[in-house]
Structures are given as C-alpha cells and as structure tokens.
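Using the sequences and the hints given, assemble the complete structure.
As given, the protein sequences belong to chains S and L, one line each in that order.
The first sequence begins at 1 in my numbering and counts up one residue at a time.
The second sequence begins at 1 in my numbering and counts up one residue at a time.
If you are wondering where the hints come from, they were derived from the structure by calculation, not from laboratory data.
Mixed in with the good hints there might be a few duds.
[Claimed, not checked] The calculated BS3-like cross-link candidates involving lysine-lysine, where the alpha carbons are at most 27 Å apart (straight line), are:
{"hint": "1", "chain 1": "L", "residue 1": "Lys440", "chain 2": "L", "residue 2": "Lys457"}
{"hint": "2", "chain 1": "S", "residue 1": "Lys42", "chain 2": "L", "residue 2": "Lys336"}
{"hint": "3", "chain 1": "L", "residue 1": "Lys457", "chain 2": "L", "residue 2": "Lys418"}
{"hint": "4", "chain 1": "L", "residue 1": "Lys322", "chain 2": "L", "residue 2": "Lys336"}
{"hint": "5", "chain 1": "S", "residue 1": "Lys247", "chain 2": "S", "residue 2": "Lys287"}
{"hint": "6", "chain 1": "L", "residue 1": "Lys336", "chain 2": "S", "residue 2": "Lys287"}
{"hint": "7", "chain 1": "L", "residue 1": "Lys322", "chain 2": "L", "residue 2": "Lys434"}
{"hint": "8", "chain 1": "L", "residue 1": "Lys322", "chain 2": "S", "residue 2": "Lys230"}
{"hint": "9", "chain 1": "L", "residue 1": "Lys57", "chain 2": "L", "residue 2": "Lys336"}
{"hint": "10", "chain 1": "S", "residue 1": "Lys287", "chain 2": "S", "residue 2": "Lys301"}
{"hint": "11", "chain 1": "S", "residue 1": "Lys247", "chain 2": "L", "residue 2": "Lys336"}
{"hint": "12", "chain 1": "S", "residue 1": "Lys230", "chain 2": "S", "residue 2": "Lys34"}
{"hint": "13", "chain 1": "S", "residue 1": "Lys42", "chain 2": "S", "residue 2": "Lys68"}
{"hint": "14", "chain 1": "L", "residue 1": "Lys434", "chain 2": "S", "residue 2": "Lys34"}
{"hint": "15", "chain 1": "S", "residue 1": "Lys207", "chain 2": "S", "residue 2": "Lys247"}
{"hint": "16", "chain 1": "S", "residue 1": "Lys301", "chain 2": "S", "residue 2": "Lys247"}
{"hint": "17", "chain 1": "L", "residue 1": "Lys336", "chain 2": "S", "residue 2": "Lys33"}
{"hint": "18", "chain 1": "S", "residue 1": "Lys301", "chain 2": "S", "residue 2": "Lys61"}
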Amino acid sequence: MTDLRLPDLSRVAPVDTVGVDERCARFRSRSIKKDAKIQGLKLTLSMIDLTTLEGADTPGKVRQLCAKAQHLHDRLPDLPNVAAVCVYPTMVAVAREALGDSGINVASVSTAFPSGQAPLQVKLDDTRAAVDAGADEIDMVIARGAFLAGDYQTVFDEIVAVKQACGDAHLKVILETGELGSLDRVKQASVLAIAAGADFIKTSTGKIQPAATMPVTLVMLQVIADHFRKTGRMVGMKPAGGISDAKLALHYLVMVNETLGPAWMNNTWFRFGASSLANDVLMQLVKQQTGHYQSADYFSKD
Amino acid sequence: MSSSNPLAFEQAWQYSPAPESTDHIQLDERYGLFINGEFAPADSGQTFATINPATEKPLAQVADAGESDVDRAVTAAREAYENVWSPMPAAERGKYIFRIARALAERAREFAVIESLDGGKPIRESRDIDIPLASAHFFYYAGWADKLDYAFAGCQPSPLGVAAQVIPWNFPLLMAAWKIAPALAAGNTVVLKPAETTPLTALKLAELCQDVGLPAGVVNIVTGDGDTGAALLGHPGIDKVAFTGSTNVGRQIMRSLAGTGTPYTLELGGKAANIVFEDAPVDQAVEGIVNGIFFNQGHVCCAGSRLLVSEAIAEELLEKLKARIDTLIVGDPLDKNTDIGAINSAAQLARIEQYLDIGRGEGADFWQGANTPPETGYYCRPTLFTNVAQSNRVVQEEIFGPVLTVQTFRTFNEARDKANNTPYGLSGGVWTDKGARIFKMTSELRAGVVWANTFNKFDPTSPFGGYKESGVGREGGLHGLAAYLDLGRGMQS
Chain S
1 MTDLRLPDLS RVAPVDTVGV DERCARFRSR SIKKDAKIQG LKLTLSMIDL TTLEGADTPG
61 KVRQLCAKAQ HLHDRLPDLP NVAAVCVYPT MVAVAREALG DSGINVASVS TAFPSGQAPL
121 QVKLDDTRAA VDAGADEIDM VIARGAFLAG DYQTVFDEIV AVKQACGDAH LKVILETGEL
181 GSLDRVKQAS VLAIAAGADF IKTSTGKIQP AATMPVTLVM LQVIADHFRK TGRMVGMKPA
241 GGISDAKLAL HYLVMVNETL GPAWMNNTWF RFGASSLAND VLMQLVKQQT GHYQSADYFS
301 KD
Chain L
1 MSSSNPLAFE QAWQYSPAPE STDHIQLDER YGLFINGEFA PADSGQTFAT INPATEKPLA
61 QVADAGESDV DRAVTAAREA YENVWSPMPA AERGKYIFRI ARALAERARE FAVIESLDGG
121 KPIRESRDID IPLASAHFFY YAGWADKLDY AFAGCQPSPL GVAAQVIPWN FPLLMAAWKI
181 APALAAGNTV VLKPAETTPL TALKLAELCQ DVGLPAGVVN IVTGDGDTGA ALLGHPGIDK
241 VAFTGSTNVG RQIMRSLAGT GTPYTLELGG KAANIVFEDA PVDQAVEGIV NGIFFNQGHV
301 CCAGSRLLVS EAIAEELLEK LKARIDTLIV GDPLDKNTDI GAINSAAQLA RIEQYLDIGR
361 GEGADFWQGA NTPPETGYYC RPTLFTNVAQ SNRVVQEEIF GPVLTVQTFR TFNEARDKAN
421 NTPYGLSGGV WTDKGARIFK MTSELRAGVV WANTFNKFDP TSPFGGYKES GVGREGGLHG
481 LAAYLDLGRG MQS
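What follows is the structure in structure tokens.
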C-alpha cells in the first residue's frame, strides 16, 4: 500500500456543468420498453443496497429489513435478491445472522458516519468493529472539512488507512457530493478516492440534500472510465439517496450502460443506495406482467 | 475498421425498439402545388415521388412545377401582396403569424413524424429541435410584425414585395420557417420551393396555412427540382431572393442576379473548425464534437466537420471520442432511441461514400464506429479521418455527412490559422476553460457563428450566416428581419 500517492488534483481536467446537464438529458430521453425494461428493472433490484440508517434503528427493525431483502415479492417468480443490506456498525451482527447464507452482503457505514468529524483512531476502530462483526462491505465518509480546506493529503491518508483496516471487506468511499459545491470538486474527490484505493465511490450519505443526482453520478462514472483506461483497474459506483422511483433508476442504468459499458452492468460494480426504490421497481414489474398497477398496499414495507 | 475501445460497448444492454407511432399522421397519395390558397396539379401533369430514405419506398407523389406554374405562383403572390397583405394593418398580419406558430406547436408530433419519414432524421431531433424551433421562429417574428418602426429606429421600413425562397433538404420545415416567418412579418408575400427529396412538411405547412385562414396567395409552395428553383429565382416578378443550399448554386444565383438590383440572402456551405484546447472540459468537449458533426447525420451547413485538437490531449480525447461514437445508435429514424438516422437520399449517400474513398486514397487513417445500421435504407456509420492535413480534400471540401476530420495543433495561432484557412466561414467552436481565450479566439475566427463550450445551438433571436463562400446576409434575429425590408432613409438592408 506504500506505493499509493496523492495525485496532483490541479491537473484534473475541468467539468462544464452545462454540458453535463445536456448529456444527462440525453440519457433521460432514452425510451426503455418491453424486454429491455424488464431486464433493467430486475437488474435494478439486484443492485440495491437496502438501507436503514436511523438513530432509531433496533435489532427488530434490522431483522425485518433483512426479511424484505430475501423476500422482495414472493408472488413474482424469478426475482433476484438485493445486493446488500446497509446498516450502522452496531447492527452488523444482527444483519449478519438474519441474512445467513442468502448470499446477500452486509454493508456497514463507518468512520463516524455521516459527518466524519472524529479522530482518525476512532474512525479506524469504528471500521474494525464493523468488519469484526461480519461486515462484507464498508461505506466510509471522506473528511469533507479537510477536503474543502485544501488538505487533500489528510483526506487521502485517511482513506488509505481505512482501506487497510477493512482487510478483506470492500471499501466504498462516500464523497458527500452535496457538500462539495461543484462538479469540479466532485471530480477531484473521485480522482483522490480512487487513487487512495477505493473499491467503490459513492455519492452521498443520504443525510444531506442534494444527495445523488445524475450529473454528479455521470462525472464520477467518467472518472472511473478514465481510471480504467489508464490502469485497467475497475472501480465500482454507488449513487445513494433520492433515487426512489423505477424510471429514474432505469435512467441511471442507461447512464452506466453508455458511459462504462456492460462490464459494469451488474451488482459487483454498480449499486443503488436506497430505502424505498425496491417497491416502486416491484410495482413496475407487476405492471409489466399483469398490465395494471396495484396499490402500494400489495407490496410489503419493512 | 475495428473499435479500439477497451470499455467494449458492442455487447451493451440493448434497448428494445421504441418506434414512434405513425397512426396519427395523414399523408395523401398525391400532392399538388399550393398556389393562391389551393392545391392544384402542375400544368404539365408531371409528378415525382418523394422517398422514405429509411425504407427506400415512396411516400407520396408530388407535382413537378414548370415555368408556367411558377408564373402562376408569383402572380398569386403579387396580387396578395398588392391587395391583401401589405394594406392589412401590421397587427393583423402578426395575428396570422401567431396562429401559424400556435398551430405548428399544437401539431408538432404530426410534423415531427412526417419530417423523419421524409428526410431520415431521428425523431428525437425532429421532435425536440426542428419542429419546436420552427414554431419558435414564427412566434418570434410574429411579435415584430407591428413593431417594425421600433425595430429599426430612425428608419422607415417598408416591405419589398414578393420573396422567392428556395430551401434545402436538411432541415425542411425549419428552413421554411426561417424564410417564411420574417418575410411575412415584414409584410411580404412568398413563393417557396422546398427541396425535391423533402417536400412533405412544406406541403403540410401549406395545409396548415389553409387551416388558420391565411389569405390566399400570401404563402405559395411550388415543388420540383433545381429547374423549378431556377425558374422561380429567375422570374422577373420577384423582389427578393432567399436561398439556402450549396455554394455552387449560390454562385450561379449571384451571377444571374448581378445588375438586377434584386436583394438576396444566401446561406451556403461550411467546413467549420471545432477547436479543443488542452484545458478544455474534455468529456463535455467529446459530447460537443459528437453534437457538432453527427447531428442530423452531418447534413448541417454549420456542422463542426473539422476537429482541431491540442496535441497535448489529442490521444486521450480521441480514445474518449471513439468510445462515445461506439454508443451511438444508428438506425430507424422513427425509433425514439436512434441517435443517427438515415442519409437523406441515395445520391447523398453516394457522395459521402465517394469522399470516404477520397480520404482513404489520400492516405488518411479511416475509422468507423462499431454501430450496426439496418440492412435496407441509406445509412452511413459515423466516421473519423485522422492523420490528415490542410492539404487533404476531405479537410477542404464540405462532405455533408457523418464524417469528421481530426487534426492536431500546438499553439493558439496555429489553431486559429488552420480554422480560418478555408474558403468557408459559417461557424466554429472553441473549447477551453479560459474565458479570455474564448473571447480572443471568437473574435479572430472569420465565421458567422461561433460557439464556446457548446455546438449547434440555435435560437430565433440570434442572427445566422456566413463569411466568404458560406454566404451573403444573415437570417434570424433583427438582421433576418432587415433582410426582408427596405429600411428607407436611415439604413441599408
């Protein structure tokens, strides 16, 4: 890990916001119908990190969420499971046990989520605790304060240290793009996180507005593409927060499809961080099968 | 030929067909000439077929206007000018133009589908750009109709009379709007000849003029080929010529009008440079390059057909550009997901393919995207020629297809000189993060329209036109209005 070096962020090519918005409008103008729609909706389900991150979370709540993760809508045959259940470190053991051998991963936020305002040692302990309790994936937050103050080295070193503390667990690095202020900063933070060894980069904690947006996600996907072209290493992407309907999720998939290509079109490399997306996707899938929409009361809410 | 893209988009998630419905449109088997408010066959009885370039099948038979038909049309326009349109209070003229604008917006879907059927352009473009923009031109000029004295302060503007207008096949309805809207707002009447491969939306516009009750003879549409156009522009009864098309024909028109005193505006060819500096927003520049050259299959006079890219980022940019081109969907113009539709005609496809041969013959590196066009219909995959120089014909001549030449440069001056080193001067593009460089380059480019960090953006309020062999005069905005007026004492039009 000693060969990792902070890149010169001043050399990162600028981003033109107007152009990014126009490209996103093109993604949204794609018309996804019939087989492509069903394929996309099922893919979306399989990419969800089903999330609960509340101060009020209890073992009971987490167990119920894990049940939902394994039984999205049993009346529909051939549905995939979600990719992971995402919880606070204190709930990792509960989730681990509830998910058993379902193949669904346990993801844990860490590093004093969501603000990240804690000493490095606390962040590392937080991470190790989650891994020791059985987390397969760690969703860390970057130190936005240090990043905005221009102290990139601190941000970089923290990611490197947390990655080390993760051991075999996959590291997702949350940039909290809603606090970064510009697409140029989003791009620089993405370059920094990937250089520091992130397995995934992730937009948001879900605690700050705006959370994930298509323009922010596009810029991050383009950094991933750049990194792949340069090094051959694939990095995953997770937009999180604010993606709650199926149509929007399909537009995100179009964006991945046309920016990174089919190698990223699976839950190894792309995730949605969402709490309420699954039911809207299920509603659309039922509609595709039966021709009409059912009331929300026919879909379980956990 | 093969794609060099490591991201391998070829096996990407395939979007299911999403064709726009054609159930809601009405096309007749036969269309007459629209003269004096009515449709009538040509005196000769001759017709020609207009073809759907995506299927190679005829859509309708259209009357082929001869000299006597053109004469009837000009006479009708003259009578309408003398007796109805120019005596009418300007506010009333404005109302009619507003009605056309509204009716066009209301029937946008129908016009979009017919435009794509007849011309081959993707429905996404006809729906989102051509038809809304055509309607916007009528709205814009309708507003000026009763404010001409304020548009040109200190002048005494008066209409010219009968405007003879000949338009091309790349933006059939939009070009009709660019021509008709300012002419009518200024108080003129018109005889318009659409291109022979794309007459249908102009004829539908004629129906729309009937529907909104536009007085007979104010707008006349005569269909036919170049002979019809020559008969119209050579008619002694016209007071104004407006032509959009090739530089060669523009030259002939200028020659024939020399000494007649008839005012003219000519929108001709182009070979625009799209200049990308090393500090450009690269990913957005790639998008702008794609929009610059592959918009409307490259059938755009202001297309960014010459890419000039700083040597410092050329390799990276080209890699990204190729990856982006691989994701473009070349196919059925009516499919909502199509990015590049059909080439307008067999003749134009042959012309493009001839240039592809010329480019390869000149030793340029030839690259085409991994796109998969349909088997039938006139299609051309998006094409790059790299390793080319100013001395190559593919760099000098307008190809009017989805073909981009790529040259590198080292300094600002080299980029500017290469950009200006062409007989054309219609448009240009500059990509850089540096505001001062944008202003310096845009003021030193000899081109009528220059875009900064974007490309191919149009608005009715903005004048459009060329330097050098790209044309004479401006369309759009107040400049476009002035071209249809005698401004009296204060200003020359």
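Which constraints among the numbered hints does this structure fail? Numbers only, ascending.
The structure breaks hints 12, 14; every other hint is satisfied.
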